[in-house]
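Trainee: Letter by letter, the chains look like this.
There are 2 protein chains.
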Amino acid sequence: MSLLIVGTVAFDELITPFGESGRIIGGSATYASLSASNLCKDISIVSIIGEDFPEEKLALMRSKGIDTEGIKRVEGGKTFFWKGKYHNDMNSRDSLATELNVLADFDPILPEKAREAEYLMLGNLTPAIQMKVLKQMKQRPKLVVMDTMNFWMDIAMPELKEVLKEVDLLTINDEEARQLSGEYSLVKAAAKIFEMGPKYLIIKKGEHGALLFHGKELFYAPALPLEEVYDPTGAGDTFAGGFIGHVCDSDEVSFESMKRGIIYGSALASFCVEEFGTHKLRDLDRGDLHDRVMRFISLTDFDMKMS
Amino acid sequence: MSLLIVGTVAFDELITPFGESGRIIGGSATYASLSASNLCKDISIVSIIGEDFPEEKLALMRSKGIDTEGIKRVEGGKTFFWKGKYHNDMNSRDSLATELNVLADFDPILPEKAREAEYLMLGNLTPAIQMKVLKQMKQRPKLVVMDTMNFWMDIAMPELKEVLKEVDLLTINDEEARQLSGEYSLVKAAAKIFEMGPKYLIIKKGEHGALLFHGKELFYAPALPLEEVYDPTGAGDTFAGGFIGHVCDSDEVSFESMKRGIIYGSALASFCVEEFGTHKLRDLDRGDLHDRVMRFISLTDFDMKMS
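Heads up: the sequence lines are chains A and B, in that order.
Numbered according to numbering that gives the first Met the number 0, the first sequence spans residues 0 to 306.
Numbered according to numbering that gives the first Met the number 0, the second sequence spans residues 0 to 306.
You may find that some hints are simply not true.
Because identical chains cannot be distinguished in the list, a pair is counted as satisfied if it fits within a single copy or across any two copies.
To be verified - 30 Å max Cα-Cα, derived BS3-like pairs, lysine-lysine:
| no. | residue 1 | residue 2 |
| --- | --- | --- |
| 1 | K204 | K215 |
| 2 | K215 | K56 |
| 3 | K131 | K304 |
| 4 | K77 | K198 |
| 5 | K77 | K191 |
| 6 | K198 | K164 |
Hints in this document: simulated from the structure, not taken from any laboratory.
No experiment lies behind these values; they were computed from the predicted model shown.
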């Protein structure tokens, strides 16, 4: 099945207690597509880059089966750049530089093939851009997944609510779910968010796992406790990419396939944080992923011996 | 099997966004024993109360099969009292009053029968008192569970470490595990804590669930997301009581029985927070508990369809 991922392709520079990354590739669409490429094969990206983005990195994506035709290169422009420093606990960070560059003028034009994608992942971008993508789709995808963040709730809530009417599944963290709904209880927050449009809600809780809501159904996936978190950058996008990668590959839009998608996404995210940037996601084989998924199965497995 | 619970029997007064409790019974041993009484039948408490503690509340405990002989009543003394106010998010609170009263002179003397208990729960008390209890046991219990908190790490770390050498299982929250071990990663923290004595570690994460560590084995139990948390007081003690209540009832000290214990403890804690104080714990029947455990099973259940 075909999957379209719209998001950023960027340069990152990361400082962690373990070292400095130097300038490496990042961005939500980069992480999500490399993650999804471990599970499904027909992936396209729509994004924007500057003259400075190396062709070999696009070739790397293509070698993973990712169609990069929809990544617009702006001659004379510079690629979106983010520099950040993580604190010792790795759970909080400071942005040292955020240079939007070509992203400031991103006006996505979808290639013909991308308009026919059966699964769509709208990465965390301005709601106006997310809406422009939706309007270019030839038919409604089988599943539209949208990521967003508190920043857009602060400055563009009306536009965000318009996009929400058109999406099937929203991924946000617990604080964002509370901000969006005005409810502290996540159960109540989910009910309010369902009234805004989405039929599914994933609440990402980082080291505490993820929750999937659908109607009255509820699924709680843990995160795997790790010996060392080396670089958390991109973990959320990797999770989302693995999630939709599995749902697309199974071509089954159901609570059951989404539960499996969350486990795959969590497993891929647990690899992502073990090295700087996208490195670990590129070199995985099916055996690595299979073994990690087995660890997730054993992590929550119990037998109540009840009648 | 016989279970001894040593901890506080107290008065609480709680102010939450939903209302005020007035003066009600509380304390770690009260919550833990009422919780455990849903699972095992031979429970004794060792604690201390003042003249003001109503006999009818002790009778209520006895009606649940809890032996109260070890609860020393100090004539002319006043019972330990805590008054607290929860903030709107129910996750943080202010202590408005902490009156130790008779607890300040608590010097536990175990009744003959209590000294022979096969399972022992040392509630959150000064490490010196926990050690005094241990020294009075006739033979080493099959399992010694100990609860503690950051306060004792701050003011009595050497004594705390002496007690740790003698216990099998420690229950603390994630911040306390980090403080005790000096490690941010919970996996590394567990390894350090195992060097201090315990062979098992439960890390309580409140609304994010609980982790059980044993050697290289790892189990992650979620907490059930609830529509409303009415009063979180005693949830941790209720969890611990349900946990040891099941392990004692099954008379099986193993990773498998502890996983089940954590699910029972989590289920009982989810009832505890639905009303003020111990109210909900007293009126449960087996059917209520069974239904709640089934919700925990469905909460984390998934089928990867893997070979």
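Trainee: All hints are to be evaluated individually against the structure, with a verdict given for each.
Mentor: Here is what the structure says about each hint:
no.: 1; hint: K204 / K215; in the structure: both (20 Å within a copy, 24 Å between copies)
no.: 2; hint: K215 / K56; in the structure: neither (43 Å within a copy, 39 Å between copies)
no.: 3; hint: K131 / K304; in the structure: neither (53 Å within a copy, 37 Å between copies)
no.: 4; hint: K77 / K198; in the structure: neither (38 Å within a copy, 55 Å between copies)
no.: 5; hint: K77 / K191; in the structure: neither (40 Å within a copy, 48 Å between copies)
no.: 6; hint: K198 / K164; in the structure: within (10 Å within a copy, 52 Å between copies)
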